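2 protein chains.
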Amino acid sequence: MENDLAIVDLPCAADLVTKFANDHVADVVDALNDYPEETAAEILALLPLERGTDVLDQPNLENPADLVKLLPEGRAAALLEGMSADRRADIFRHLSEPPRGALLARLSPEARTAVEQLLSYPEASAGSIMTTEFVSVLSTATVGQTLHYIRVVERTRETVYAIYVLDSKTKRLIKAVTLRQLIMGDPEASIMSLGPQRKPVVVSPLMDREEVARLISKYDLLALPVVDEKHHMLGIVTVDDIIDAIVDEGTEDAQKFGGMEALDEPYMQIGIVGMLKKRAGWLSVLFVAEMLTAWAMQFFQGELEKAIVLALFIPLVMSSGGNSGSQATSLIIRALALGEIRLRDWWRVALREIPTGAALGAILGVIAIIRIVLWQWLGFFNYGVEWPRLALAIGCSLVGIVTFGSLSGSMLPFIMKRIGFDPASASAPFVATLVDVTGLVIYFSIALVFLNGTLL
Amino acid sequence: MENDLAIVDLPCAADLVTKFANDHVADVVDALNDYPEETAAEILALLPLERGTDVLDQPNLENPADLVKLLPEGRAAALLEGMSADRRADIFRHLSEPPRGALLARLSPEARTAVEQLLSYPEASAGSIMTTEFVSVLSTATVGQTLHYIRVVERTRETVYAIYVLDSKTKRLIKAVTLRQLIMGDPEASIMSLGPQRKPVVVSPLMDREEVARLISKYDLLALPVVDEKHHMLGIVTVDDIIDAIVDEGTEDAQKFGGMEALDEPYMQIGIVGMLKKRAGWLSVLFVAEMLTAWAMQFFQGELEKAIVLALFIPLVMSSGGNSGSQATSLIIRALALGEIRLRDWWRVALREIPTGAALGAILGVIAIIRIVLWQWLGFFNYGVEWPRLALAIGCSLVGIVTFGSLSGSMLPFIMKRIGFDPASASAPFVATLVDVTGLVIYFSIALVFLNGTLL
Chain A
2 MENDLAIVDL PCAADLVTKF ANDHVADVVD ALNDYPEETA AEILALLPLE
52 RGTDVLDQPN LENPADLVKL LPEGRAAALL EGMSADRRAD IFRHLSEPPR
102 GALLARLSPE ARTAVEQLLS YPEASAGSIM TTEFVSVLST ATVGQTLHYI
152 RVVERTRETV YAIYVLDSKT KRLIKAVTLR QLIMGDPEAS IMSLGPQRKP
202 VVVSPLMDRE EVARLISKYD LLALPVVDEK HHMLGIVTVD DIIDAIVDEG
252 TEDAQKFGGM EALDEPYMQI GIVGMLKKRA GWLSVLFVAE MLTAWAMQFF
302 QGELEKAIVL ALFIPLVMSS GGNSGSQATS LIIRALALGE IRLRDWWRVA
352 LREIPTGAAL GAILGVIAII RIVLWQWLGF FNYGVEWPRL ALAIGCSLVG
402 IVTFGSLSGS MLPFIMKRIG FDPASASAPF VATLVDVTGL VIYFSIALVF
452 LNGTLL
Chain B
2 MENDLAIVDL PCAADLVTKF ANDHVADVVD ALNDYPEETA AEILALLPLE
52 RGTDVLDQPN LENPADLVKL LPEGRAAALL EGMSADRRAD IFRHLSEPPR
102 GALLARLSPE ARTAVEQLLS YPEASAGSIM TTEFVSVLST ATVGQTLHYI
152 RVVERTRETV YAIYVLDSKT KRLIKAVTLR QLIMGDPEAS IMSLGPQRKP
202 VVVSPLMDRE EVARLISKYD LLALPVVDEK HHMLGIVTVD DIIDAIVDEG
252 TEDAQKFGGM EALDEPYMQI GIVGMLKKRA GWLSVLFVAE MLTAWAMQFF
302 QGELEKAIVL ALFIPLVMSS GGNSGSQATS LIIRALALGE IRLRDWWRVA
352 LREIPTGAAL GAILGVIAII RIVLWQWLGF FNYGVEWPRL ALAIGCSLVG
402 IVTFGSLSGS MLPFIMKRIG FDPASASAPF VATLVDVTGL VIYFSIALVF
452 LNGTLL
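Chains A and B, in that order, give the protein sequences. Here the first sequence is numbered in the working numbering, starting from 2 and rising by one per residue. Here the second sequence is numbered in the working numbering, starting from 2 and rising by one per residue.
The shape of chain A in the complex, shown without the other chains (with noise of 0.2 Å):
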């Protein structure tokens, strides 16, 4: 038995090797992600070396690592051999012991030294997504020679769109050729002829990958050089892998906007621990701040007490805070993120955000105080005699706490990155949380003034 159902399994994971063999390495891998990790193993191990490699370079790929663990040692070093530096420091960023040990040592030097050195950047950084394989060329080269160079290294360089001259003698980054630019020169004139005369745009690679987006987007980048201090080139970024850094940025800062830290992977494959783990700090944070509203409110019982319609209105009140301070926020995130705005500019916020705060909370206002007199008049609800004080007790705190929402909502980012924090952590709930204490302090000192002698 235990032999027919190995019989039966065998050609299954080798018929899906032959349907694989002119897909698109994307589909292929858009199907493994949707089998179990042993078939997706068993696939990947019967897959020609050079597709296996193709399929294990891919971004889309989840979880390589674990197919790693899964595979033939053998097997998995040849892959591993054969992969782009960047994916491969990659893998083994995520790879634990064993095989994690084994798989280095079996890796050639040049492979092993890369994998090395690309590791010992920070995460997010432009060294950790950078690859090492470029095309580089002297300065005293001619335009065919690079031609032919190319044709020659072309199957081990991640990009030969972006050529690098690096200066004869001191080895030093001088000038960048786009391959455009190549197949327009004479093949005889130097490669120093060609391109822009002024200098490459280079980063250092502890830059943030987000501001080598911009830079790469900014320039209209197929490659970015990475450079150590002597403006000796360590790798480049590319292009694709930006646009995968743009999109995990986007990521991150929405659910750090949705109030929680980054998850850092798939929705459905993090576990139920983990997600707690990364909901649970800032939610218990905010509560915890947020109680100081059931200590604002005990100041207040007395007035409670003896005017409980001033209860009614409390959530109402305070939401519209929280939600123009929502408003405010994702304005300013998103303002810095693109650099539209920079942290000297937040009293020009403040000056746009107070008039527009009271403008917007003057319509709530408007809103508010029509709904009472229409409940009141149409007998919907008694409001009492006072009713009338009470509306525009209401109407006054809406213009005062949704001023303060939105000024205070888009403060709070320019605060978060003044004292180093991300800005995207200033969150919708943050501010919500923010408000609300300020805002029932608002709401019930406005009341006390309007209804004082009176309800009060």
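Bear in mind the hints are in silico, worked out from the structure with no lab data behind them. Among the hints, erroneous ones may be present.
Straight-line alpha carbon distances no greater than 27 Å define the calculated BS3-like cross-link-like pairs of lysine-lysine that follow [what the hints assert, rightly or not]:
id : chain 1 : residue 1 : chain 2 : residue 2
1  : A       : Lys70     : A       : Lys20
2  : A       : Lys70     : B       : Lys219
3  : B       : Lys20     : A       : Lys219
To list a few chain B residues with every Cβ distance to chain A over 10 Å, as calculated [to be verified]:
id : residue
4  : Asp35
5  : Leu139
6  : Leu379
7  : Ser428
All values reported here derive from a predicted model rather than from experimental measurement. Backbone N, C-alpha and C define an ideal beta-carbon position, used for all residues, glycine too.
Fit chain B to the known structure of chain A by using the hints.
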């Protein structure tokens, strides 16, 4: 005096033109963005024509349509004629009469047709961000002929890194070859011998740019061909357009999630009135919805009068539901946008969010009970003789409300998507409002159960 001023003024703009001569065009654009529009237009008029075209071609240039308006008509027409088709169409999209019609009339017939064609596609579609300047050759061409052709047309094409092969009879797109494959090929060989044998990835002009971005990223392309129903090529979307599109979508989603309409303009550039229009709508809708809280509380007015202590915890209990809902919503919006989950996965998500929410609620419940017990024991506040029951009621309410918050927060994006809205419209304030009303009902109902016959 007037002459003096003119003499002082003119060399100034001219000086700047000289200063910009060797800068990267993206840096020139950065500098222009900092000048008043009149000065920027003056500089644009004085720059060499080709340089001016490059400047106008940069996506980072602010308000290019306004600059074009300030230019002499002849100069404006010459600049527009030389631009890439997609950016030119984008300028006409934002250009009003006059000089829109006059400038359109001055364009060459091909350029005019291209503008009209691109403007006919809906915003944010593949058609609206594509360019019509791509390299295509017939299937009868050799590798050498194709390379020669590229050298001839290079100046007028946005990218030459992707070459599209059309069937020599039907003119349908049958193959996509990269420049990389081309320079590796034998010059005598047929262009059809290069590249993979599978069909090229194509998109329809009506496909949403988000979907185009996903395909470009998935298949690691530098450009994606846009074809009509008969597989005739209409244009290409290049990777740099896609980066801009991804960043724009990220901004829109963040602003919608913050509870407002997408701004579509940089924060510092939109006027206060424009800002109010984008923010007041949602804020008012949420405000009116939140009025249900006042209505819900009217029902429990009797209970509130008997046990005013219940009012103290309303903001605390209510906000926890909104916060957990905001977390769940941001998770699901992002997972839907990335294609990690689909509409049909809603029940899987529900099965994850219910236990997660219950566990998060239990954590907050324990914190709340500890707080009440501590305050009571330490004498900070007297919650009355029934304080143990009160603490229990609040703890249990939190479990119920946070579970409900997580569940409804996670389901809202699915519902939005199902009824045809952008899931990102399920904003944090929207979820909070939804959960506030239900949270109050849950709170008072549980309080009734626990405190019935004692406080209530």
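Each hint tested on the structure:
no.: 1; hint: A/Lys70 <-> A/Lys20; verdict: 25 Å, holds
no.: 2; hint: A/Lys70 <-> B/Lys219; verdict: 25 Å, holds
no.: 3; hint: B/Lys20 <-> A/Lys219; verdict: 20 Å, holds
no.: 4; hint: Asp35; verdict: 12 Å, holds
no.: 5; hint: Leu139; verdict: 20 Å, holds
no.: 6; hint: Leu379; verdict: 14 Å, holds
no.: 7; hint: Ser428; verdict: 8 Å, violated
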